[in-house]
Amino acid sequence: MKKWGDPGVSGVLPICLNDATKAVEYLHMMSKEYVGVCEMHGEFEEKDLRKWVEKLTGVIYQRPPVKSSVKRALRRRTILRFTIEDIVERRFVFRVVTEPGTYIRKLLHDLGLLVGVGAHMVELRRTRDGFLNEDSSSTLLELYAAWYLYSREGDDKLLRRVVRPVEEALKGFPSIYIKDSAVAAVAHGAPLAAKGVSKIDHPLAKGDTVCIKTLKGECVGFGVLTMDSDEVIHAKSGIVATVERVVMDRNLYPKTWG
Amino acid sequence: MRNLVDVLKFRTIVKEEYETDPNYGEYPEKRSVERLLKLGIINLDKPPGPSSHDVSSTVKKILGVEKAGHAGTLEEMGRSRRFRCVTYLP
Chain H
1 MKKWGDPGVS GVLPICLNDA TKAVEYLHMM SKEYVGVCEM HGEFEEKDLR KWVEKLTGVI
61 YQRPPVKSSV KRALRRRTIL RFTIEDIVER RFVFRVVTEP GTYIRKLLHD LGLLVGVGAH
121 MVELRRTRDG FLNEDSSSTL LELYAAWYLY SREGDDKLLR RVVRPVEEAL KGFPSIYIKD
181 SAVAAVAHGA PLAAKGVSKI DHPLAKGDTV CIKTLKGECV GFGVLTMDSD EVIHAKSGIV
241 ATVERVVMDR NLYPKTWG
Chain P
1 MRNLVDVLKF RTIVKEEYET DPNYGEYPEK RSVERLLKLG IINLDKPPGP SSHDVSSTVK
61 KILGVEKAGH AGTLEEMGRS RRFRCVTYLP
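Respectively, the protein sequence lines represent chains H and P. Under my numbering, read the first sequence as residues 1 to 258, first letter to last. Under my numbering, read the second sequence as residues 1 to 90, first letter to last.
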């Protein structure tokens, strides 16, 4: 069977179900961590390799590879961390933390050119995507077993461990917590008023994207702050955030208007 | 790095104390399986081989959900969709 995907790539892949897919674009706003193996095409000095790895940390420019599914315009991407974990002859293990949309294969290819001998990535594994890491990830087989136990035997224990509330991926997302009385209005897309706010993460600036949550921790949706978080704390009236995306079911909380 | 929300550190400040009514909504941890399938996420360990897209369509088939979307493609190369094989589980 011919393989079309990238055979050497595995690891954390968050999959949103039904209404949770509405949060997908916000899950993209988080860093990703990878571990991988790279092979150099010639003899090289360890010192050189380490020097260039250090230089590739920070802001880099990258053109998406020819075989990619996006427009090949030059991108600026931040490499938050790039380290060499182990070197065995021509191969080495690396760990990298990046902004989304960074091509790791390309990064290693460029590293090879900089060192002067060329290199290619042999294997790659994503160990973390935002707040989700590989320790809590499940395989397709586990999912299949979980579904079997639930649908045939009514045992939901495993399924509940595999399928998590979407809020788990949004644990540390900058949030604003609203009162029950404001939930239905926000769930209908109305902007959030100062009176509806109970708690807010600080410091946040005007224009920042926030996750709007209920006091039970449910994700109502996502919005954009129209003032800084310290202004929100003191605001007596007016709009504090506009609503960009509603995730929650509209009918869970009672309407308080009309 | 304002566009990377997970690297920022916050503390939660109370504007106004408020008691939430247990009669409405649900604590995410207590969500029923039916509700989880509607508003859940799977932290899937993608196997090497099939593309991210194939994996989410497999998930969709196993659970019989209407929609399943992956967040962040794990390196997908060519886009020859027409001849792509989908991996099925036994």
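Hints were generated in silico from the structure; no laboratory data involved. Glycine included, each C-beta is placed from N, C-alpha and C at the ideal position. Heads up, some of the hints might be wrong.
Dumping the calculated BS3-like pairs for lysine-lysine here, alpha-carbon to alpha-carbon at most 25 Å [what the hints assert, rightly or not]:
1) H:Lys157 <-> H:Lys216
2) H:Lys157 <-> P:Lys9
3) H:Lys171 <-> H:Lys106
4) P:Lys67 <-> H:Lys55
5) H:Lys22 <-> P:Lys67
6) P:Lys67 <-> P:Lys38
7) P:Lys30 <-> H:Lys216
8) P:Lys38 <-> H:Lys171
9) H:Lys71 <-> H:Lys47
Here's a subset of chain H near chain P, in silico, CB distances under 8 Å, partners left out [said to hold, decoys possible]:
10) Met30
11) Glu168
12) Lys179
13) Leu215
Going down the list of hints, with the structure as the test:
This hinted pair checks out: H:Lys157 and H:Lys216 have alpha carbons roughly 22 Å apart, not beyond 25 Å. A distance of roughly 33 Å separates the Cα atoms of H:Lys157 and P:Lys9; the hinted pair therefore is violated under the 25 Å criterion. A distance of roughly 31 Å separates the Cα atoms of H:Lys171 and H:Lys106; the hinted pair therefore is violated under the 25 Å criterion. Of the pairs offered as hints, the one joining P:Lys67 and H:Lys55 is violated, with about 42 Å between alpha carbons and a cut-off of 25 Å exceeded.
The hinted pair formed by H:Lys22 and P:Lys67 meets the criterion: a straight-line CA distance of about 10 Å does not exceed 25 Å. For a cut-off of 25 Å, the pair hint linking P:Lys67 to P:Lys38 stands: about 9 Å separates their Cα positions. Taking the CA atoms of P:Lys30 and H:Lys216, the gap is about 10 Å. The hint holds against a cut of 25 Å. Between P:Lys38 and H:Lys171, the direct Cα distance comes to roughly 19 Å. Compliance with the 25 Å bound is thereby established for this hinted pair.
In summary, the hint linking H:Lys71 to H:Lys47 is not supported, as the alpha carbons are separated by about 36 Å, beyond the 25 Å threshold. For H:Met30, the suggested interface contact is upheld, since its CB lies about 4 Å from the closest CB of chain P, less than 8 Å. The criterion of a C-beta within 8 Å of any C-beta in chain P is met by H:Glu168, whose closest approach is roughly 7 Å, and the hint holds. For H:Lys179, the interface hint holds, since its Cβ comes within 8 Å of a Cβ in chain P; the closest pair sits about 5 Å apart.
The beta carbon of H:Leu215 is positioned within 8 Å of a beta carbon in chain P (closest approach about 4 Å), and the interface hint is therefore held.
Hint compliance for this structure: hints 2, 3, 4 and 9 are not met, and every other hint is.
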